[in-house]
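Going line by line, the protein sequences match chains A and B.
Yeah, the first sequence ends on 226 if you go by the working numbering, and it's all consecutive.
Yeah, the second sequence ends on 343 if you go by the working numbering, and it's all consecutive.
No wet-lab data here; the hints were simulated from the structure.
Check the hints yourself; a few may be wrong.
[As the list claims (entries may be wrong)] Okay, derived cross-link-like pairs now, BS3-like style, lysine-lysine, Cα gap no bigger than 27 Å in a straight line:
| no. | chain 1 | residue 1 | chain 2 | residue 2 |
| --- | --- | --- | --- | --- |
| 1 | B | 245 | A | 206 |
| 2 | B | 200 | A | 123 |
| 3 | B | 59 | A | 123 |
| 4 | A | 123 | B | 167 |
| 5 | B | 162 | A | 123 |
| 6 | B | 209 | B | 198 |
| 7 | A | 123 | B | 114 |
| 8 | A | 206 | B | 114 |
| 9 | A | 188 | A | 40 |
| 10 | B | 46 | A | 71 |
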Amino acid sequence: MQQLIFVCIFVFFSGVSFSQNEKTVQFVPVFNGQKVELSKKYESDGNWFQFESLRFYISAVSISGEKATWKDPQSVHLIDLEDSLSLFISHEAKNGNRLNFNIGLDSATNVSGIMDGDLDPIKGMYWAWNTGYIHFKLEGFSSESILPNKSFEFHLGGYLFPNATIQAVEISLDNWQDNLVVELELGKLIPNLPWQSTPSILIPGKDAVKISKLLPTLFQLPSDEK
Amino acid sequence: MRNSIFLLLFAISCIASVAFRFEKVPKVISIEIPKKWPRPVYDFSKNPLTEIGFELGRKLFYDPILSRDSSISCASCHLQYTGFTHVDHAVSHGIDGRKGTRNTLALINLAWQKTFHWDGGVTNLEAQSINPLQHPAEMDNSLRAVINRLNASSNYPGLFEKAFGNKEITTSKLTKALTQFTVSLISANSKYDKVSRKEKGIFFTEQEKRGLKLFNANCNMCHTAPLFTNTLFASNGLKMDSLLKDTGRFAITGFPGDSLNFKIPSLRNIEFTFPYMHDGRFKKLKDVIHFYSQGIDLQSPYLSPHLKNRKHFTEIEKKDLLAFLYTLTDKEFLYNPRFSFPK
Chain A
1 MQQLIFVCIF
11 VFFSGVSFSQ
21 NEKTVQFVPV
31 FNGQKVELSK
41 KYESDGNWFQ
51 FESLRFYISA
61 VSISGEKATW
71 KDPQSVHLID
81 LEDSLSLFIS
91 HEAKNGNRLN
101 FNIGLDSATN
111 VSGIMDGDLD
121 PIKGMYWAWN
131 TGYIHFKLEG
141 FSSESILPNK
151 SFEFHLGGYL
161 FPNATIQAVE
171 ISLDNWQDNL
181 VVELELGKLI
191 PNLPWQSTPS
201 ILIPGKDAVK
211 ISKLLPTLFQ
221 LPSDEK
Chain B
1 MRNSIFLLLF
11 AISCIASVAF
21 RFEKVPKVIS
31 IEIPKKWPRP
41 VYDFSKNPLT
51 EIGFELGRKL
61 FYDPILSRDS
71 SISCASCHLQ
81 YTGFTHVDHA
91 VSHGIDGRKG
101 TRNTLALINL
111 AWQKTFHWDG
121 GVTNLEAQSI
131 NPLQHPAEMD
141 NSLRAVINRL
151 NASSNYPGLF
161 EKAFGNKEIT
171 TSKLTKALTQ
181 FTVSLISANS
191 KYDKVSRKEK
201 GIFFTEQEKR
211 GLKLFNANCN
221 MCHTAPLFTN
231 TLFASNGLKM
241 DSLLKDTGRF
251 AITGFPGDSL
261 NFKIPSLRNI
271 EFTFPYMHDG
281 RFKKLKDVIH
291 FYSQGIDLQS
301 PYLSPHLKNR
311 KHFTEIEKKD
321 LLAFLYTLTD
331 KEFLYNPRFS
341 FPK
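Start from the sequences, fold in the hints, and give me the full structure.
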């Protein structure tokens with residue numbers, strides 16, 4: 001009987017309460033193996049790089065095992081290096097050998113109007129003049145940039161054919177751990193950016209698509225777990 | 001037995017929870033869809049109109065609190081008496097007198113529009129309002145600043161709570177409230193409408209009848225009744241302004257065929273929405289008719305196929321067309337106190 005009352009109370013307050021879970025997927029941005037800190041200078045191949053902003057959307061997260069697949073009930077997460085809590089996504093998978101997610105948002109989310117939470121345009125990831133979201137944003141300064149103030153800004157987004165930028169990522173998990181760590185190795189992206197032509201991409205189009213296709217290769221398990 | 005107790009308690013808790021929520025929700029109102037009009041495009045189910053939400057949107061629309069230095073409101077460029085556009089301004093000036101590059105669009109019958117702006121870059125009415133809020137040549141504010149300012153104000157949190165059941169003002173609530181006002185700006189009481197509805201004692205003059213005939217034969221394929229727009233885009237043969245270099249919809253889609261394509265605007269209340277065209281280059285409606293008659297750039301590779309065999313109107317025909325276009329004026333809309341500055 002006590003249990004029944006508990007269930008009823010739960011039903012009454014459902015939608016208000018959240019269950020706590022300590023199992024997480026943590027995203028760790030690194031540059032050539034070093035953990036990335038904003039506004040810090042990094043040297044690489046005789047050039048310097050300084051990151052001021054790294055923000056991206058992760059959607060449709062799932063963890064699959066041989067018997068079961070856990071699907072993230074929260075459809076979208078904004079990962080923002082400035083907000084350390086945002087680097088963690090909680091999960092409830094018991095086991096798994098595969099982690100799947102998308103970088104970016106599907107087209108339905110892009111045209112769903114103004115939303116709250118991680119999709120609130122106040123987060124600076126919304127293009128007002130051309131309805132849709134920036135899926136991946138990297139800003140900073142570098143000796144490589146041809147711009148006078150050495151700045152760079154890559155705002156990658158777009159959901160319409162042929163300029164869709166959403167990318168699927170699949171990571172094999174050889175050794176299951178409740179708390180998963182996924183690195184984002186910027187060292188794989190930096191050498192492939194158009195420093196000498198367009199270090200400022202702010203609209204959907206071919207350039208954004210080209211760079212977005214590189215993004216899945218950035219995600220990896222930390223090297224000691226490989 | 002245990003099961004039935006469970007079901008009973010479950011039912012009670014569900015009803016209680018629903019009732020608990022209803023108590024806070026204000027009464028939903030509906031807009032009147034004019035007879036024989038198509039179904040609105042706007043999804044009212046995601047933002048049910050309420051009297052209190054409409055009034056909140058109206059207050060926000062007329063409140064300069066939204067602009068960076070609290071100097072201009074939406075109504076600064078969208079004046080009711082001229083169909084909610086900026087009369088006599090080729091392009092509008094926003095904050096500090098900064099000028100934009102396009103003519104202010106009228107806010108009329110927005111519930112039937114699929115896209116917004118001259119290039120159709122915005123695909124959702126709620127999302128539209130973010131543009132003027134942030135544009136450096138318009139209100140030049142940041143979303144965060146607007147939201148913080150509204151949350152810190154003495155009156156708005158209470159008004160948002162009444163309208164949306166929660167004190168906290170967010171971007172989505174702000175844009176929903178504004179939309180409740182703008183989506184309600186329906187104009188369907190012009191002389192044209194009254195004649196169409198066969199209202200007692202209202203008839204077209206002979207001149208207006210001739211104008212309607214000309215209109216149906218030459219204009220209606222793009223400016224399609226009853227909205228007087230087919231809500232699509234076209235290149236109307238205007239040469240590109242050499243300073244503004246506005247490519248129109250091409251900037252959004254990247255398709256070469258969309259070059260110099262602009263939104264086909266509604267002609268409702270066209271008498272008062274001067275100047276005309278996407279860059280406001282024509283001051284008078286007769287200049288526009290003269291352009292379609294004699295001024296189209298027939299060499300343009302992007303020209304709408306409907307205009308390739310454009311008609312050369314005689315001076316009498318131009319006057320007839322003008323007379324018909326004036327029947328699209330809806331004074332009840334332009335002077336409706338429900339849409340005016342809230343007292």
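Does the structure keep residue 209 (chain B) and residue 198 (chain B) at a Cα separation of 27 Å or less?
14 Å, holds
Just to be careful, I want the Cα atoms of residue 46 (chain B) and residue 71 (chain A) compared with a cutoff of 27 Å; is the pair within it?
26 Å, holds
Would the hint linking residue 123 (chain A) and residue 114 (chain B) be met if the CA-CA limit is 27 Å?
Roughly 26 Å between the alpha carbons, so the hint for residue 123 (chain A) and residue 114 (chain B) holds.
Given the hint that residue 245 (chain B) pairs with residue 206 (chain A), does the C-alpha gap stay at or below 27 Å?
Roughly 22 Å between the alpha carbons, so the hint for residue 245 (chain B) and residue 206 (chain A) holds.
Distance restraint between residue 162 (chain B) and residue 123 (chain A), which requires alpha-carbon spacing of 27 Å or less:
Satisfied, since the Cα-Cα distance of roughly 26 Å is no more than 27 Å.
Quickly compare the C-alpha distance for residue 206 (chain A) and residue 114 (chain B) to 27 Å and report which way the hint goes.
26 Å, holds
Measure nothing beyond the straight line between the CA atoms of residue 200 (chain B) and residue 123 (chain A); if it is 27 Å or shorter, mark the hint as holding.
55 Å, violated
Assess, step by step, whether the Cα of residue 123 (chain A) is no farther than 27 Å from the Cα of residue 167 (chain B), and give holds or violated.
The hint holds at about 20 Å.
Does residue 123 (chain A) sit within 27 Å of residue 59 (chain B), going by the straight-line distance between their CA atoms?
Between residue 59 (chain B) and residue 123 (chain A) the Cα gap is close to 26 Å, so the pair holds against 27 Å.
Can you confirm whether the C-alpha distance between residue 188 (chain A) and residue 40 (chain A) stays at or below 27 Å?
19 Å, holds
Violated hints amount to a single one, hint 2; each of the other numbered hints is respected by the structure.
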